[in-house]
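Residue numbers (the working numbering), protein chains in the order written: chain Z, 1 to 270; chain F, 1 to 207; chain S, 1 to 264.
Just so you know, these hints were derived from the structure itself, not from any lab. Each hint should be verified, as a subset may be incorrect.
[Claimed, not checked] Dumping the calculated DSBU-like pairs for lysine-lysine here, alpha-carbon to alpha-carbon at most 30 Å:
hint, chain 1, residue 1, chain 2, residue 2
1, S, Lys44, S, Lys224
2, Z, Lys122, F, Lys62
3, F, Lys62, S, Lys122
4, Z, Lys122, F, Lys92
5, Z, Lys110, F, Lys92
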Amino acid sequence: MNKVHSRHLAFAGLFILVTALMLIRIQFKAFISPDTQNMFDYIDGLPEGSAIIISFDHEASSLPEMKPLGLAILRHAFAKNHKLIGLALLAEGTGIGYRQMQQTAKEYQKEYGIDYVFLGFKPQYIAAILSMGESIQSTFPEDYLGNPSSELQLLDQIHNYSSVVGVVSLADGSLTTHWMEYGRARYGIEVSAAVAAAMITTYDPYLASGQLRAMVGGLRGAAEYEQLIQRGGSGGRGMLAQSFSHLYVIALIIIGNVVYFKSRRKDASK
Amino acid sequence: MVRLFPQVLCAAFGTTLFILYFLKHSSAKSLYLTITNDYWQIIFAFTLIVGVISFLKVNFNKIIRGEDRPYLLVGVLGMIAMPVLAFMWGIKGDSPFMWVFENVQVPMQATVFSLLAFFVASASLRGFRARSVPAAILLISALIALISRSDVLGYLPQPVHEFSDWFRSFPSMAARRAILIGIGLGSLTTSLRVILGIERTWLGKER
Amino acid sequence: MITAAIADSGWFDAGQLPTFIASLISIAIVLYTTYHRRSREKFKIREIAGLNAVEEAIGRATEMARPILYTPGWGGDIQRPTTIASLNILSHVAEKTAGYDCRLLFPTHDPVIMTVAQEVIKESYSRAGYPDRYRPDDITYVSSSQFGYAAAVEGLISRQKPASVFLLGTFEAESLIMAETGNIAGSIQIAGTDSTIQLAFFIVACDYTLIGEELFAASGYLSKDQSILASINAQDIMKVVMVAFLILAIASAFLFPTSEWWSF
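This is chain Z alone, in the form it adopts within the complex (with noise of 0.2 Å):
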């Protein structure tokens, strides 16, 4: 067997460390963020019933972080009565998607094509955002269910982007950017974002900018508007175990400087 090394005693700790708080089922309330109030208060601040694209940009694995962020935006947005649009631009964004859509609009017994829409998958994201900005229509002729667009109610009055109010991309990568890039910069778009941890200042500056309308991030984001719509999550749940093991990670840092020190002082003495 192999000798055990320090980083096996890290993995170890992490692990059990992690599991055991995961079972324990407390939620702290968290600091509301600016950014995550700013996100809550473009929304609220819709006019009832406004058309929202809502993008779903993330892949599979990140689905744990971006899952309780998706739910809660959706939740808020039917609160508001608003109108969705949804799609995707990675083909795991597909499924996912469409079972986000599914499950929060029965929770607000909402309709399907009359209140919200999905129209599944389109390759080659960034001809598909050009392509949006033209026709949404001839962009997705049919839906992910396979009705036609031009059937769809919702679709009657949704031509392109002017006829949408702006677009919420969930994205773990950077096809935010992608949205940016060629929906706002060409056709005018406002984009919002909701984006991985690790994204977050990745973002930071578009956000500063205004070239990013609002955003939230991470599961800490998801926690703080979970906390904002007065709705339970995973979110809020899984804060504890995020809180304790960044923790881990500080003293595991302070483990390490001071072990280089110590071995510093040691080869000086000698």
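Since chain Z is already given, all that's left is putting chains F and S on it; use the hints.
Same frame as chain Z, but now just chains F and S:
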């Protein structure tokens, strides 16, 4: 001729799309959409065929040779099984395809993604050492960012949040913007080199 | 008056005028340095540690009789400039590995990148004088899925234990998985990406990291081709122009708070 034709094609399409981007006339937009929507989709479809054939060919050869047989067999079986399920029972709702996606692919992908958490722990143990003054500043910034993102059960004092937001919004963003500008300019000149034919490595021929 | 006339013609999108002007200025600078100044000056660029280490990495692999692994990341496809920059470096690496008869593994997530890489490597091996050493089965399409690709590369690194790993291209969340696995396998790692977030992971986990535009300068740096070095010089000129514009805009906004000429 073998080298010249792709270069001319690249230059023609690159220049055309560049000009079309700035035109708003309906015929210009129509041409732009035809190229970006239709041509790209067709090319994408053919690239998938290339990928599948290559994957199967390489893996079959390796399986016959006995290299990494168990891993490759799983990969090949997965690649064959999913389209069969899709064609036979569709991909919607409660189809077997969606069942495999939700119960096999999603957990597998989430598992690999979760490896990041462990690797961040081992990278932190190894990487965040206060070897010098800049390294110490990096270390302290990382600690503040970590503490503020963890929220410590909501009991973190307000000044810590504010400092962390300030740090994220100003020093950190300034550095990132500078790198982004450099990358943007690098992308611009690389693209121009390809369109103008100065850069020919992508042709697989002499630079 | 001219811009109004152009806008009124119904063809030109006036909202894109600032972008158009900036593009024309940039193209003019690149063309000027490439075709005019190139004949008069020899351009030099500063030492880039990551690129100097390429030779060392290949030599290490040859001495240890272990392969080299080179991968361009999941985040980009062939049209992305970062991927093209990565393939430029690949050409140089492949030429060296041909000479040393060192195995070069190239897993990728995109079939088009795989096809182009096959051509690049095959041509590099021919140029080095060893076309028979080219192994097409080592250049593979593994998976279009991000973590399918990450798992495949991670498995390849764990099993093959390459002496050197090149992570050059557009990476997303899979970057740290590969970098840490390479670290555990004891490989020397040279990385470069256009993502500022993944750069942070690479700096911690890899031996050498190409930051920002160093990746794009690699082609000229390794080949010493004056045309390419001239376009790098053009980047520096554009930066000077941008800084001058920034200083003017800041001064204007400070002295004349209602001015808006600089915003677009």
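Enumerate the violated hints, using their earlier numbering and listing them in ascending order.
Per hint list: single violation, 2.
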